[in-house]
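Chemist: Could you build the full structure based on these sequences and the hints that come with them?
Going line by line, the protein sequences match chains A and B.
So the first sequence is numbered by my numbering: it starts at 1 and just counts up by one.
So the second sequence is numbered by my numbering: it starts at 1 and just counts up by one.
Source of the hints: derived by calculation from the structure; they are not laboratory data.
Even for Gly, the Cβ is constructed at its ideal location relative to N, Cα and C.
Any given hint could be a false lead.
[To be verified] Here are some, though not all, of the chain A residues that point toward chain B, as calculated from beta-carbon distances under 8 Å:
{"hint": "1", "residue": "Ala-93"}
{"hint": "2", "residue": "Arg-101"}
{"hint": "3", "residue": "Thr-103"}
{"hint": "4", "residue": "Gly-107"}
{"hint": "5", "residue": "Pro-108"}
{"hint": "6", "residue": "Gly-109"}
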Amino acid sequence: EAGVVQSPRYKIIEKKQPVAFWCNPISGHNTLYWYRQNLGQGPELLIRYENEEAVDDSQLPKDRFSAERLKGVDSTLKIQPAELGDSAVYLCASSHLTSGRETQYFGPGTRLLVL
Amino acid sequence: LAKTTQPISMDSYEGQEVNITCSHNNIATNDYITWYQQFPSQGPRFIIQGYKTKVTNEVASLFIPADRKSSTLSLPRVSLSDTAVYYCLVGVENYGQNFVFGPGTRLSVLP
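Modeler: Shown next as structure tokens:
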């Protein structure tokens, strides 16, 4: 079974430029997450989707970040315009339930460097 | 959401057993405990999950005392490849609940 796929793996842009990240979750996983991970820290949740609905976007900086999950499968996270402080690894995860307990499966992440 | 506390770092030698303890004093009745492992340049990977007593799989064991205010991840006979960051998370046994990642425990296995 294929895991969570993310692209690109690396991205270098200049500040004020736009950037987009793509995620393809594991087939059959209805829940999808986007996290941001800064160096030396744990992942921080940005947004969670149940199918195509964003059910928790309270941590998403909505002035410059946007996300979508059309048809409840693939998802895109966009930053426009990017700032120096946005340099981080952006992780996508999908999850399923087993006996009422949730297990998240993470992609490899996209490492963003804003110059 | 229950807050967790773990040591920031630990060192071990190859072949030793490593125990990483996580404190979660305000764990709720319906919360369960999950541990993830993260290697550099990779996303976190699920290791083990439990609610009470002891859980064992092919990778690790998870010990949870009766009061459930802490849990211990046990890695038997570690190797260099077990060098990673280990995260303890506490979540509710309901669909779609969010987990909060702390800074984790950075385990360094030395030859």
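Chemist: Among all the numbered hints in the text so far, which are the ones the structure does not match?
Modeler: When the structure is compared with the hints, none of them turns out to be violated.
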